[in-house]
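Participant: Top to bottom, those sequences are chains A and B.
1318 is the number of the first residue of the first sequence in this note's numbering; add one for each residue after it.
1318 is the number of the first residue of the second sequence in this note's numbering; add one for each residue after it.
Calculated from the structure, these hints are not laboratory results.
Bear in mind that the values here come from a model prediction, so they are computed numbers and not experimental data.
Hints are not guaranteed to be accurate.
It does not matter which identical chain is used: a pair holds within one copy or between any two.
To be verified - With a straight-line cut-off of 25 Å between C-alpha atoms, the simulated DSS-like cross-links for lysine-lysine are:
1. 1579 <-> 1467
2. 1539 <-> 1581
3. 1554 <-> 1416
4. 1572 <-> 1455
There are 2 protein chains.
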Amino acid sequence: MLWFVGLGISGTQSIPIEVVKIIQEADFVYLEAFTSPISKQHEDEIKNMVNGSFKIAKRWLVEDGQEILKRAKNSTVVLLSYGDPYIATTHIELRTRAKLEKIETKTIHSASAITSMIGEAGLQFYKIGRMMTIMNEKKSTMTPYSTIFKNLTEGLHSVILLEYNQDKNYFLDPKNAISNLLDIEREYKKDVLTNDTFAIVASRIGFETQKIISGKFSNLLKIDFGEPPHSIIITGKLHFTESDAINVLTECLDKPSDNSSKIKNISVQMIEKYVPMVRKALEEIRPLYNDSKEFQEVFENAELYINDAENFLKQGKNETAILSIGYADGLVDALRIAKGIDPKM
Amino acid sequence: MLWFVGLGISGTQSIPIEVVKIIQEADFVYLEAFTSPISKQHEDEIKNMVNGSFKIAKRWLVEDGQEILKRAKNSTVVLLSYGDPYIATTHIELRTRAKLEKIETKTIHSASAITSMIGEAGLQFYKIGRMMTIMNEKKSTMTPYSTIFKNLTEGLHSVILLEYNQDKNYFLDPKNAISNLLDIEREYKKDVLTNDTFAIVASRIGFETQKIISGKFSNLLKIDFGEPPHSIIITGKLHFTESDAINVLTECLDKPSDNSSKIKNISVQMIEKYVPMVRKALEEIRPLYNDSKEFQEVFENAELYINDAENFLKQGKNETAILSIGYADGLVDALRIAKGIDPKM
């Protein structure tokens, strides 16, 4: 029998009696602390509950899984982890393998730091976009940067976990993560993030020393966030109840602002640029074709498609809007090129 | 003092001792059961813990909040809710108001059904897209349909909650939600969902009678899912460990399949349609302009932009790809129109 037990986020006193019993009655108890740091005190308190054998489980031991699965065949094994057990993919994989080997598995779900921090920061669950992790290595920050961009174009909040390496006792500081993101911005210039980007740093969620600080990147970069774990949330479009909540529930250095309003969808940017440009290009060339009846229909079509582009964009049909303005531009430029005038693409 | 206490998902035995104490010592205990149904037995067990006054809190009472806040000013009030307290926006709003009225608030986080079901179904947290709720009213299903589409184009999983109305004791059946989605598909024909769409129905997560059934829509529509609560997950791109987990951890009616592979990004669809079409249109018209030197550059440009469209798409620059093929099409069609040949838009 293999138990996957989540310890929640608030130390030993938040462990239910039924779970204490499970730990006490187990033959082998493994404490997994590579997905998030667990304090020495918490570790000692758990060790004191155990009557069987106790072991700290390193990442390789859980990933390899053979020792745990072998023992679970004939005895009761408990794998303890911070938060909810299945936030970590490794635990789901181990459970799958156990089931395939006909080992019975049971689960104790518990409060997860991710779920908790969203509520503590006053944000709505329906507005959370894809989650991500930022690592110290700068190059790997490109993917989170793109994910934040995609989330923001939809007005969604980005929950960002930070690299933790148990063996090296290393936890990426929120300031370094923000700096990495700003470096990527400087390189790719998509105007996703600036010093004015509003973000929330959630530190030690569930601990006595929990602290949630919000503000612009420029001000967050001056803060000492203290002991890990930390996470960052880059907010998207804020409902007024969310702004109010951030103001009241977090240590708010700056007025919450909408990061998504600055983000223009690429389609919107294109239509805003090309519609006036193609209109002007059309007016310039028209007089040169006054005597060519066969080309009048081309001009009429170009005008129609320019208007279509604007209307499709309003209807949210972005791709069709771009196709239309590209087409109108092509119609006009064919006639410009034929007269030896520079095309306007 | 106002406590926001999450009861978790597994009944009274999963409540930690510290929480039992908080409930016992409170002057007023409100049990909120409008965000998710709580069984009569669970309700009775909680009532038995209470030494102060106990009350079921209807939605209006929590939304109005005045009674709770007034009492919390001079006595200890506990608001109990299913799962984690801040999944419900109403609770965050009440907490914000309490803070503004200088009422101290404290929180007990707990296992949430949303977090738990994702892990129980074997899915990775990093691949969860925007969450949504499906209501019975068919017209309102358009928004979830679009959200599922957006999630699938990014390969993400869609977690779908189902309408619950405490006053009417109404819970939307998963089968009705699936039917509503298929009706919207029939109307909008975006090829997002079909009878072959693979989905996971998670019923009564955390209860003794928990059941997770996965399969194609066509087979799920034949199942009696029993008592609520239920949720649906429409899976996106599946990592092989996710497919394995679904196979082993859920009651799997059909082999897990990738719903996102059928979803073609609109940009990809456009390029696949227009590139061969514009190439053909160009070849048809070219001989008619053999004697017109001034138009040769138009043909050369059209060829270049057709190739550009394909290359931009490969580089993930979808908008630029569409702009390019639209432009090439316009160049070619200007010359077709001038010769009285039907344009190819």
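Participant: Against which earlier hints does the structure fall short, listed by number upward?
Facilitator: 2, 4
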